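Engineer: Whole structure, please, built from the sequences with the hints as guidance.
So the protein lines, in turn, are chains A and B.
59 is the number that numbering that gives the first Met the number 0 gives to position 60 of the first sequence; each next residue is one higher, with no gaps.
208 is the number that numbering that gives the first Met the number 0 gives to position 209 of the second sequence; each next residue is one higher, with no gaps.
Rather than coming from a laboratory, the hints here were simulated on the basis of the structure.
Only a predicted model underlies this, so the values are computations on that prediction, with no experimental measurement involved.
Each residue gets a CB set at the ideal place from its N, CA and C atoms; glycine is no exception.
Heads up, some of the hints might be wrong.
Stated by the list, open to error - Computed cross-link-like contacts, DSBU-like style, restricted to lysine-lysine with a CA-CA straight-line distance of at most 35 Å:
1) B/Lys170 to A/Lys121
2) B/Lys406 to A/Lys205
3) B/Lys232 to A/Lys205
4) A/Lys121 to B/Lys259
5) B/Lys217 to A/Lys205
6) B/Lys295 to B/Lys232
7) B/Lys170 to A/Lys205
8) A/Lys205 to A/Lys183
9) A/Lys121 to B/Lys217
Said to hold, decoys possible - Okay, the calculated beta carbon distance ranges per label pair:
10) A/Pro106 to B/Asn391: 48 to 56 Å
11) B/Lys217 to A/Gly146: 23 to 31 Å
12) B/Ala207 to A/His75: 22 to 30 Å
13) B/Pro47 to A/Val207: 57 to 65 Å
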Amino acid sequence: MNKANLISLLIAGLLLSGCAELKALTGTDNAPIEERGTVASAGTGTPAATAPAPAAQGSASASSIPAEPAQVVETHALPAPGSTEAQAMADSPMSPVGLRAIVGVPPEQAALLRDPANILSKRVVYFDFDSDAIREEFRGLIEAHAGFLKGNGAARIILQGHTDERGSRDYNLALGQRRGESVKQALSLMGVQNEQIETVSLGEEKPVQEGHDEAAWQRNRRAEIHYLGE
Amino acid sequence: MPFLLRLLTASCLVLAALIQGPAYAGMTIEIVGGAANRIPVAIAPFLPTGASGDDIAEIVEADLRRSGLFNLVDSSGLGKSGEAEIVDHGQWRARGADALVVGQVSRAADGRLDIRFRLYDVVRKVQLIGFSYLVPPGMSRAIGHKIADAVHEKLIGEPGNYSGRVAYILKRDGRYELQVADADGFNNFTVARSPEPIISPVWSPNGAKIAYVSFEQKKPIVYVQTLADGKRKVVANFRGSNYSPAWSPDGRKLAIALSKDDIAQIYLIDADGGAAQRLSKGGSLDTEPVFSPDGKWLYFTSDRGGSPQIYRMSVDGGEAKRLSFDGNYNVSPAVSPDGKYLAYIRRVGGSFHVAVQELESGQTQVLTDTHFDESPSFAPNSRSILYATLVNGRGVLATVSVDGRIKQRLTLSGDLREPAWAP
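Structural biologist: In structure tokens:
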């Protein structure tokens with residue numbers, strides 16, 4: 000739907016909801032009808048005769064494909080310079096837009112992070128149901144990343160916490176956050192600075208395995224380590 | 000699902016055949032359970048038939064049928080009663096109707112539609128109500144819903160739900176769309192579209208804006224978007240996660256959950272962003288805040304007692320009172336607009352059900368037999384709850400009346416989740 004039609008619809012809705020004066024109801028077959036709303040047409044200069052139904056998707060062209068409304072927000076359009084979104088992205092300390100090199104890490108160190116034979120290329124810690132406890136089998140991985148971060152003080156990571164799909168999405172955001180924080184806590188205890196780590200939760204929203212059984216759920220209960228600039 | 004496919008195909012064919020087709024039903028809604036005692040009502044075709052693209056009598060009939068509170072009596076073959084003609088109550092009574100709606104649509108000189116109807120009690124042979132509307136041509140669906148609301152309110156004694164709108168997230172083809180549709184599933188349009196998840200849409204109290212959480216920057220951030228022009232603003236992008244927005248009843252503040260100081264805590268911010276005022280005192284996961292209709296209380300989920308439960312605290316912060324006691328997982332509170340009921344999700348065994356609590360008495364009841372329920376949202380008339388669930392692995396929306404008897408299922412091609420009924 001286009002903007003003018005939507006504005007007409009909004010104005011119409013506002014006028015309708017503030018009723019015109021009511022006439023008395025006498026309750027017989029010939030009782031006068033109460034006037035419940037009068038809406039002027041073309042109040043804003045919209046040509047009423049040619050305007051398609053404001054809320055209808057079909058319009059006059061008989062297409063069964065809904066017309067794209069002009070005001071859809073496409074989230075990956077670049078925000079206008081100076082807009083609030085551009086400012087927010089610039090302000091966010093972890094915004095990784097447009098970087099190719101891993102932040103704060105010289106190339107020979109970055110190579111370690113990408114080497115499949117190196118434990119540093121392993122980035123995922125898995126969790127038991129309803130738990131944020133770090134299992135013993137992941138201690139080595141965390142120690143390796145702690146050592147790397149201490150040795151590359153300008154490096155930054157984002158810890159992403161995830162849950163399986165069961166239960167409330169919002170509560171799962173909190174649980175995912177707790178898992179991320181659990182890994183952050185482990186890294187801090189090994190001497191990594193707080194400023195090097197941001198923890199976010201993706202809740203149940205980004206499963207690595209679709210499916211409604213424990214095989215899928217256990218692969219989704221995880222925290223992931225992402226180096227800024229990857 | 001073959002039935003849905005046939006329905007969608009039929010809709011598309013009808014659209015292609017007409018020069019000015021009726022509005023496109025994006026979502027289909029089916030009744031799954033109805034009230035025990037339904038009022039039998041007949042909707043006579045409005046005169047003259049075919050005057051406008053949308054058949055108003057059909058809209059009224061479909062609305063009333065979907066409510067589960069009415070039996071729609073067959074109105075064919077009894078001759079058309081325009082509103083000016085004398086009604087033969089006896090012949091409608093013979094069909095089993097207790098009530099009758101007659102109406103007509105005519106076109107005024109300036110092109111506007113003059114829509115008028117009367118509601119009769121055919122047993123007592125009296126007119127109950129009669130209204131007229133003078134509106135631009137594109138508003139016939141909206142007037143159909145208003146007529147259904149008026150008929151419902153007169154016969155049931157409570158406001159109807161038919162003029163409302165719902166927001167929801169549709170996931171299909173790997174993309175997420177925040178959509179808004181009429182309460183009958185028609186006129187759905189996209190508000191925001193993203194390759195990353197969008198969750199938690201919530202309407203501002205005047206229905207002009209929607210706040211939502213988007214993962215487009217790879218972390219949860221709260222946006223507020225104005226529907227009319229699509230302009231949007233980041234209102235919470237603090238370090239870490241920002242989620243669970245809820246509007247205050249005066250529209251000036253948002254309650255949100257943030258991880259910036261502790262894993263999940265509740266804060267207040269101005270509705271256009273700014274500094275966050277912390278309400279939670281730390282030491283537990285506090286999330287999913289919602290305001291009471293009078294704006295004085297916040298209901299929220301907290302695990303401070305060892306398991307996630309529903310609590311209530313004053314908007315000034317302070318002591319919280321626990322409200323849920325059955326089982327070890329009660330989350331996602333929603334308060335009815337009349338302030339009487341609290342809906343939430345309770346885990347029972349491995350299943351997640353919508354439960355409702357009458358706040359004054361504390362009596363609770365599990366309402367649903369679907370198993371993966373989420374995201375309950377009350378209708379504006381407080382009589383039913385819209386929520387998301389899985390059926391055969393697919394995301395659908397559903398409604399259940401607060402007494403548990405009337406159920407509907409809402410489907411669209413794709414996965415539906417995160418519904419929110421507009422105020």
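Engineer: With reference to the structure, classify each hint as holding or not holding.
Structural biologist: Hint check:
no.	hint	in the structure
1	B/Lys170 to A/Lys121	holds (30 Å)
2	B/Lys406 to A/Lys205	holds (31 Å)
3	B/Lys232 to A/Lys205	holds (24 Å)
4	A/Lys121 to B/Lys259	holds (27 Å)
5	B/Lys217 to A/Lys205	holds (10 Å)
6	B/Lys295 to B/Lys232	holds (27 Å)
7	B/Lys170 to A/Lys205	holds (13 Å)
8	A/Lys205 to A/Lys183	holds (20 Å)
9	A/Lys121 to B/Lys217	holds (20 Å)
10	A/Pro106 to B/Asn391: 48 to 56 Å	holds (51 Å)
11	B/Lys217 to A/Gly146: 23 to 31 Å	holds (26 Å)
12	B/Ala207 to A/His75: 22 to 30 Å	holds (25 Å)
13	B/Pro47 to A/Val207: 57 to 65 Å	holds (60 Å)
Violated hints are absent here; each numbered hint is respected by the structure.
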